[in-house]
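Student: Chain residues, written in single-letter form:
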Amino acid sequence: MSMSAELLLVFFLLCAAGVAASVVAPARSGPTALAVIGAAAAIALLATGAVLMGVEPGFRLELWSMLFGGTMALAADRLSAVLMLGAGLVFLPVSIFSATYLRKYAGHCDLRYFGVCYFVMFAAIVLVFIAGDALSFLAAWEVMSISSYLLVTYDLDREGSAYGGFVMLALGEAGTIAVTIAFILMVIASGSLQFGDWRAVSPHLTEGVAWAVFILSFAGFAVKAGLVPVNSWLPLAHPVAPTNVSALLSAVIVNLGIYGIIRVNLDLVPVHGAVPGLIVLVVGSVSALIGILYATIQSDMKRLLAHSTIENMGIVAAGIGATMIFLASNQPVIAAIALIAALYHLINHAVYKALLFVGTGAVEAGAGSRDLDLLGGLVRAMPWTSAFVLVGVLAISALPPLNGFVSEWLTLQTLLRSAVLSSTAIKIIFALCGVLIALTAGLAVTCFAKVYAMGFLGVSRSAGAADAAEVGWGVRSPLAFLAVFCVLLGILPTYVIPVIDRVAYPLTHASALPALVPPFFLPQAQQAENLPPAFLAEFHDLGAQTGEGMLPGRGLVVLHRGQASNPVVFAMSTSYMVVALAVLLGLVFLVFRLLTLGRRTVRGRAWDGGLRRLWPSLTYTATGFSNPVRVIFHAVLRPTTIEDSTEAVATHFRTAIRLDHADVPIIDRLVLRPPMSGLRWLAELVRRMHVGYVNAYAGYVLLTMLVVLVIGLAILR
Amino acid sequence: MAGWVIKGARTGIRSSAYPAGPETAIGVSPGMPGDTAVDSPSDAEGLASLCPTGAMTAHDVSVVVDRGRCVHCFRCAQDARMPAVAWDPGFEWATYTDAYQALHAAFSRSLHIRFVDAGACGACMSEARQVNNPYYNMHRLGFFITPTPRNADILLVAGPVSDAMRDPLRKTYAAMPPPKRVVAIGACAISGGVFGPSYASAAGVKDIIPVDVIVPGCPPPPLAILHGLLLVAGRKPPAPRSSLAARADGRPE
Ligand code: SF4
Ligand code: SF4
Chain X
117 MSMSAELLLV
127 FFLLCAAGVA
137 ASVVAPARSG
147 PTALAVIGAA
157 AAIALLATGA
167 VLMGVEPGFR
177 LELWSMLFGG
187 TMALAADRLS
197 AVLMLGAGLV
207 FLPVSIFSAT
217 YLRKYAGHCD
227 LRYFGVCYFV
237 MFAAIVLVFI
247 AGDALSFLAA
257 WEVMSISSYL
267 LVTYDLDREG
277 SAYGGFVMLA
287 LGEAGTIAVT
297 IAFILMVIAS
307 GSLQFGDWRA
317 VSPHLTEGVA
327 WAVFILSFAG
337 FAVKAGLVPV
347 NSWLPLAHPV
357 APTNVSALLS
367 AVIVNLGIYG
377 IIRVNLDLVP
387 VHGAVPGLIV
397 LVVGSVSALI
407 GILYATIQSD
417 MKRLLAHSTI
427 ENMGIVAAGI
437 GATMIFLASN
447 QPVIAAIALI
457 AALYHLINHA
467 VYKALLFVGT
477 GAVEAGAGSR
487 DLDLLGGLVR
497 AMPWTSAFVL
507 VGVLAISALP
517 PLNGFVSEWL
527 TLQTLLRSAV
537 LSSTAIKIIF
547 ALCGVLIALT
557 AGLAVTCFAK
567 VYAMGFLGVS
577 RSAGAADAAE
587 VGWGVRSPLA
597 FLAVFCVLLG
607 ILPTYVIPVI
617 DRVAYPLTHA
627 SALPALVPPF
637 FLPQAQQAEN
647 LPPAFLAEFH
657 DLGAQTGEGM
667 LPGRGLVVLH
677 RGQASNPVVF
687 AMSTSYMVVA
697 LAVLLGLVFL
707 VFRLLTLGRR
717 TVRGRAWDGG
727 LRRLWPSLTY
737 TATGFSNPVR
747 VIFHAVLRPT
757 TIEDSTEAVA
767 THFRTAIRLD
777 HADVPIIDRL
787 VLRPPMSGLR
797 WLAELVRRMH
807 VGYVNAYAGY
817 VLLTMLVVLV
827 IGLAILR
Chain B
81 MAGWVIKGAR
91 TGIRSSAYPA
101 GPETAIGVSP
111 GMPGDTAVDS
121 PSDAEGLASL
131 CPTGAMTAHD
141 VSVVVDRGRC
151 VHCFRCAQDA
161 RMPAVAWDPG
171 FEWATYTDAY
181 QALHAAFSRS
191 LHIRFVDAGA
201 CGACMSEARQ
211 VNNPYYNMHR
221 LGFFITPTPR
231 NADILLVAGP
241 VSDAMRDPLR
251 KTYAAMPPPK
261 RVVAIGACAI
271 SGGVFGPSYA
281 SAAGVKDIIP
291 VDVIVPGCPP
301 PPLAILHGLL
311 LVAGRKPPAP
321 RSSLAARADG
331 RPE
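These protein sequences, in sequence, are chains X and B. Per the numbering used here: the first sequence = residues 117 to 833. Per the numbering used here: the second sequence = residues 81 to 333.
Chain X extracted, bound-state conformation (with noise of 0.2 Å):
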């Protein structure tokens, strides 16, 4: 067996004495021991990822024959790698954080219950990853989508969660059946449930095949990513599942969604033609927009984390959109940038909104409350959590030199390399899809500004948050660890692109390393590749080479020149911007202490107007603040307006007036309320049929009887 696999054995056993451990612990150590596994799994994990990515290229395991359709086969590659150390970086910091958060469910939740339920979706999520046939991977996505729904239906008493649990299983469900159906005709096309097999027959497949395999199995991938217009549950989902399990939905499980998208669409069954990949860029885009704007004006921050990761999850897709449609185009190298800047925002989205979904719940357990409005002021409070959640906030806002920046720069700079393309139809559709993301990243500033701004500063807006405490280490340790790879992650972008290339690689059949990450680094001899001496040269005079024979690798800048039809060159590098950053401010900070040099400083009290006290309702507040997007954006948002006030002694004197908005989402307006007031409609009317009389009944009973003889005659004939 090879080293990969010894290790993914040593992850499953350990999976399996996660379970083992949460059935027979005491209830009191539950989540320590919970805490412990499930780090261990999720080093063990990071491991294997390690070592396929680096060592091994992959490897493949055939369990057993199964009756019918061949052999149950493990096979592992490099993009089930990416998404491995994804997973891992998630699960290991939300184990260590659950040890804490579960205690708040002690004695009222069955902790056991939790534990098996935990251990299992975590393998569940990994077999998906290394199914090597369909059999498998169905089998690993209903393990994972069951344990996911039990996960977030955990916590009964919370309201909505009968009904945030239902509807999250009900889309899920009516996705795996369109991805089933995909299957199914791939296994009657290929006559295999090997995935290797369908490889070999793709290209040879009925273009009538070939787009109903696509557009099930990107609708029913689509749910699990969270992408319009099958996104409902993730804003249902969220609220109501425990705070460690919504950090596993959005940073883990939504991925298992783009995973689906990747793996059959683009290596298994890749699409022909460049409509499909219109069809995921436009679906991304219009995701990307409809989730930040619902995300700007929430105020509970879980449902506003669901929210973006909506966006997120948009733009994601709209990278492997844009990559198909390259491949399509036969532009191999910049289909692998893109693919790139979508895994890479895979990963970043993961670890930014990990580290701001265990933010919120140390805001939850320091100051008890998670609704923007009532929070504030939590920076003098909780100055840790604040910190960590400020580069989640920074990172999410894709504001350099954080990770958020590098892959969201990566995709919309793909986006503008559209120029190659010879259709002006595509150019025009590109170029709309850019504008959608460019408005989504502005939007994704003004909304996680709001998230800091009323969360963390000004005045604190109740009892709660006045008297926060900050947690203690075992959530900021988790907070910690996310937050040092938001930094890793952003400044070092010219080490992780060529590890991403290693999964782009197969699928584009082109490097972009040569293309995107030219080697300042290296010796001249080995610098052509197929940029002209000339042009590196200007680079070399603005220091690109700096750091040379220090670091390894092949430069710190990340650049990419388009052909000569086009030339048109992006370039950056967030890490030479962090030492200009640092110098820059320290620059600033000694010549502002030289200026003041002998100066005294007089600290006072903030000037309030010479209001007699600052009340905390007197200042803004996150509805506040998001106001002026619900208003620019009404046509969309279309929300309600409740007004509700309380009359006495006389009519028209008011002693109370209520002004609240209910924003039912676009998507469930126009998307899932018209066939479920349909299937509502046909339910009343069968319903109809039950009206109590025994007769009745015995009426049922005759007629049924008479069709099927009536059935039965006509077939005998």
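Hints were generated in silico from the structure; no laboratory data involved. Each residue gets a CB set at the ideal place from its N, CA and C atoms; glycine is no exception. All clues stand as given, with none of them false.
Derived coverage of chain B by chain X (criterion: at least 3 residues anywhere in the stretch with Cβ under 8 Å from a Cβ of chain X; other residues may be distant): (1) 225 to 235; (2) 247 to 259.
Pairs of lysine to any residue residues, derived as SDA-like cross-links and limited to a Cα-Cα distance of at most 25 Å, are as follows: (3) B:Lys251 <-> X:Val575; (4) B:Lys286 <-> X:Gly725; (5) B:Lys260 <-> X:Leu711; (6) B:Lys286 <-> B:Gly134; (7) B:Lys251 <-> X:Tyr736; (8) B:Lys251 <-> B:Ile288; (9) B:Lys260 <-> X:Arg721; (10) B:Lys260 <-> X:Arg716; (11) B:Lys251 <-> X:Ser733; (12) B:Lys286 <-> B:Pro318; (13) B:Lys251 <-> X:Asp724; (14) B:Lys260 <-> X:Thr717.
Far from chain X, by Cβ distances over 10 Å, these chain B residues were calculated: (15) Arg90; (16) Ala100; (17) Pro102; (18) Gly107; (19) Pro110; (20) Ala138; (21) Asp140; (22) Gly170; (23) Leu183; (24) Ala186; (25) Cys201; (26) Pro318; (27) Gly330.
Chain X is already provided as a structure; the job is to place chain B with the ligands on it using the hints.
Tutor: Showing chain B with the ligands alone in chain X's frame:
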């Protein structure tokens, strides 16, 4: 469009000549009683008893006016049974308090003012507003109103400081960066005037925060307020003390 420029150029400067030259317009000040020598102690007693605000005190054969209390009611000037009081028709009444310390010369042509209405009747505010108009035009002298105390050098206060304004006044003063000076305008702000002290207000600004310059009057006319500001800026001398007042309280002129 440029019509207003031409009109302005043709109109010329119409602002008050004060402080460079004398103010000649009629009615810019109601005037104020000055310290007066009378013939007999009984005349002095009688004159002092006319004053409704207790601004006059009799000292032997003279009456001394505490201008910080006077509300220009003219009773001391127009009573036929008594000798008339010496009426000062001018407006340069502002003086320092004991706490005053001169500002650095750098401030002499640039002072930023934060105005606080601490329960004034409205007349003081109305007059204070006039110093901002084209006729009195304080900008030409380097005085500017600022909305935040963070930028202010001078706190200009009117009113006796009602209870509701006590904290805001204190907060405004605390929010100003040093060096800072307080100018109390109007009888109310100086001594409580016709309102204070009472169950609802203090007897002037000095009860709450240290005052540096007082501008008597009820209300003080705009030129008196300008004089007060010029005093803080170190560009005008304070109102002289009469020899009668000096003799009465034994302090130098
Ligand atoms: S004018 Fe009126 S208030 Fe002033 S001193 Fe004379 S009597 Fe008193
Ligand atoms: S000093 Fe006179 S004018 Fe000024 S506020 Fe008092 S009563 Fe009104």
